[in-house]
Amino acid sequence: MMRTVEVLLVIIIITGAFIIASIYAVLPTPRQVSPIDLRRLALTTLQTLDASHDLSNTVFQPVNDTSWNDLNIALSACLPPNIVYNMTVYEVQTGTTQVYNMTNSLSNAASLGVSTGAASYLIASSNVTFSFIPERIGERGGGGTLYILNCSDAYGWWITGYTAQKLAEDLYNLLSPYFQATIMVQNTTQLGTILNGTTISSNPYENIANAVVIDTCGEAVPIPSGYYATQGSQDSYAKYCYILGQKTRLYNWTWASIVGYPLYYVSNAALFPSSQNTWGIYGMQLVAPAGLNSFLEGLDNQPYVYNDNWITGSLAGSVYLSSEAQYYCNYYGTYPSYYQSSSRALPTSILTTYHLNVPTYIFDQSGNYLPGAVYRNAVSGALLALGLTRSPDIRLTALGLLQHYKPRLYRSDYNAVGTSRVVILQLGQMGGI
Amino acid sequence: MAGSTIDHIVALTVFLAALLLFIALFNQTIQTAVLYQEHRAIASKCTDLLDNILLNPGYPTYWGPSNVTPTSFGLQDPEFTQYRLSPFSLMRLNSLSGTPIYYPKTGLTYSNITMGFGDFLLVPYSEAINYSTVSQLLGTNNTYGFQLNIAPIVTVSISEFQSSNPLILSVNVTGKGFPLASANLSYCFLTVSLQGDGSYPSYTTSYGSTYADEKGMAFLQFASITDNSTSYALIVYAHISGLTGMGYHQRVTSDQQYVMPLIDDFSTGRVLIAHSYDVHYFGPPVAEISYNATFVLLTQDFSLREVPLDNSTGKIGKVNYGNGQPYGVVTIPTGNPGILVITYRKSANEGGIILMPWGVSAMAFEVAFGADMSGKEWVATDIREVTVNNVAYQANLALWSLQGYQVKG
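Read top to bottom, the protein sequences are chains A and B. Position one of the first sequence corresponds to residue 4 (this note's numbering), numbered consecutively onward. Position one of the second sequence corresponds to residue 910 (this note's numbering), numbered consecutively onward.
Only chain A is shown next, with the shape it has when bound in the complex (with noise of 0.2 Å):
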């Protein structure tokens, strides 16, 4: 009989103990099992109210205005049925006690139910104006001079709609903000002295070594009469790409090439008079794919050997701007069309043939070819090349030398107070369990 009733005293325990843990163990509403994420709902209707700037317009409109009705009207709108709102603005004040003050609130509910999201949106006036000063190449380390080739007696191919010093013009704009020095080449004669290793301004800032050259003829480039016409005019002035070559080694320059096939052409108009580069344009002489074999041969340090084989590629499709070259856009305000058409892509066998590599993909590799790069030789110097089709984007090139050397932004804003607004949106789901 006892073992009867102590199976009957545990069995009133395990009854209590059920009872207690059924009374703690409260399980979830559907609604919170299931919720719909109303914080990000909240936050993306504000994004979304904001995508043309018309929630920034009316937030800063005093609170008699029409367009806080609009915006009432677009928050009922474009919420589910079962949300309800309510969204306050705040001005945000400095130098208070009280950081934020209420300016206008708006609902279509008189309660919000038991469950609730909110997000905030910080929306500065357009009376805010912001700026930024650059860090200017050269800062730290040597060089940060930028040479652009505006020789007024030599032309330009392949930059058809443009002349060479409209060119020159666009990327002094450009670039020179972001270069300690910016020195516009005004003729051959000038390009000759830099190549002799002499500056031509009394720019204090301006350094032969570590410069950067950008030639805005395309696929020409001036030549100097003189010794460089001289001792260059070998093998259709080959010879002359080939020094060209050198010289960036020796002055650990960055050569940049702004369209198609480079070093295709030499032009001085005095030296060619009666010499057209076989399309009809005088002052030019015609190199041929041996310019680009020469300046690399002469880039590595490699004894002169005439090459005139053809090494570019035409690319069936549009070329991308690499992931970098995107980020970069963002980051330094240029967007040139993130893609286009490449018909003198550069190949990557060239890497290994004259000891390249590349710190700046401008566009993706398609293939065995690159349709936009800096290419820097494993000792000194280096060529930015933009195989693209004509006509250049100049845009392109000034992205490819930030995108390479990477000047920061220090931004800075001016504020003032009463213009920044806070706007809390919280929403709450009706209906339901």
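Think of the hints as simulated: they come from the structure by calculation, not from any bench. Just so it is clear, the structure is predicted and the values come from calculations on it, not from any experiment. We put the CB at the ideal spot given by N, CA and C, even for glycine. It is possible that part of the hints are untrue.
To be verified - Computed footprint of chain B on chain A; a stretch qualifies when at least three of its residues, placed anywhere within it, have a C-beta under 8 Å from a C-beta of chain B:
1) 38–49
2) 53–62
3) 68–82
4) 316–323
Said to hold, decoys possible - Take a look, some chain B residues computed to stay more than 12 Å from chain A by CB distance:
5) THR922
6) LEU930
7) LEU934
8) TYR945
9) THR970
10) TYR1034
11) SER1044
12) GLY1054
13) GLN1071
14) ASP1174
15) SER1212
16) ARG1214
17) ILE1225
18) LYS1227
19) GLY1279
20) GLY1284
Based on these hints, arrange chain B on the given structure of chain A.
Positioned in the frame of chain A, the structure of chain B alone reads:
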């Protein structure tokens, strides 16, 4: 002794019975709690997955306006941050809603996002991204099933209030939860002329703007339409306080024989112009159809700007049904979203107008992508407000587990 034994037997029997009963009761409570936990895990996964899809552009970044299959899936517009989606990536998703069509002249089957007669978006399966590929790229294959719906928030429905003399069209603008009272309506009215040069049709455009009333309604009157035999199209953009939507309406006089635009190549913008008989097999006899294609862009002020097509890229042409009758080809000359407008002419009295969005947002097309969710035991959903080329959309993801009835998270 016997009494003690009976006491033991009774006590043991009662004890075991009670124990089994309580084990069952506790087990039921635990099972319910575990199931709730698993459902909760699916809901969390749904939220994470939706953000994963909407907040990254995928790789290659610009896979939308190209022919490549992405190696990482995402729908964000690569030129923006936040919840802004690429109109071209959405266009390449294999549609769940429309019935695929087969076009024998290319031998390809096309994903169909047609929104009604005259509003086509047909993408070849070879260019469209299918569900299994996306499921693998997202890492959900064999573990979760999902369905993604991207639908415009603003619905602009247009109907004929009076068919002619003058034509009066009723425009009704509503959002998800409320009419768009006082919305600003910008519209473009295209009237088809079948008397163009060389028997090719043409169209004229007129623009206007008005406001919706407190019920989101507006009536537009076009005095130039004096009879029922004039084909036209109306494109309306509605916007209020950052919320933008659009709608369209067409009337044609030839709805059996018409042209159908089929996307052929995303990277070059190549679009094939097919005769409707080749797709729907209505059978002979048929008439040759001439067409005149134009591409229009939506500008910042919600007007449409024409981007002329060269004759060399197929601005005008003629198509017919059957073997030996090649399809027409047009090339869209820009990478920006817009609308391909094709007027067609069957005879001097019969013709019409066809619209095709280049980028889903250009005509606020809805996109349904993924697997069928009917019959699933537990489906978690989550929503986000997004913009596609400034048109407001709502993205809705439904997610369920594929790991058995017990729904493992």
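Against the structure, the hints come out as follows:
1. 38–49: holds (count 7)
2. 53–62: Holds: 7 residues of the region 53–62 of chain A have a Cβ under 8 Å from chain B.
3. 68–82: holds (count 10)
4. 316–323: holds (count 3)
5. THR922: About 9 Å separates THR922/B from the closest Cβ of chain A, which leaves it inside 12 Å; violated.
6. LEU930: Given a closest Cβ separation of 9 Å, the condition is violated.
7. LEU934: violated (6 Å)
8. TYR945: With a cut-off of 12 Å, TYR945/B comes too close to chain A, as the shortest Cβ separation is near 5 Å.
9. THR970: Since the minimum Cβ distance to chain A is about 6 Å, THR970/B lies within 12 Å and the statement is violated.
10. TYR1034: holds (21 Å)
11. SER1044: SER1044/B clear of chain A: closest Cβ-Cβ about 21 Å, beyond 12 Å.
12. GLY1054: Label holds. Min Cβ-Cβ 16 Å, cutoff 12 Å.
13. GLN1071: holds (28 Å)
14. ASP1174: With a cut-off of 12 Å, ASP1174/B comes too close to chain A, as the shortest Cβ separation is near 9 Å.
15. SER1212: The claim holds: SER1212/B sits with its nearest Cβ about 15 Å from chain A, beyond 12 Å.
16. ARG1214: holds (18 Å)
17. ILE1225: holds (27 Å)
18. LYS1227: The claim holds: LYS1227/B sits with its nearest Cβ about 30 Å from chain A, beyond 12 Å.
19. GLY1279: holds (18 Å)
20. GLY1284: holds (18 Å)
Going down the numbered hints, you'll see the structure goes against 5, 6, 7, 8, 9, 14, while the others check out.
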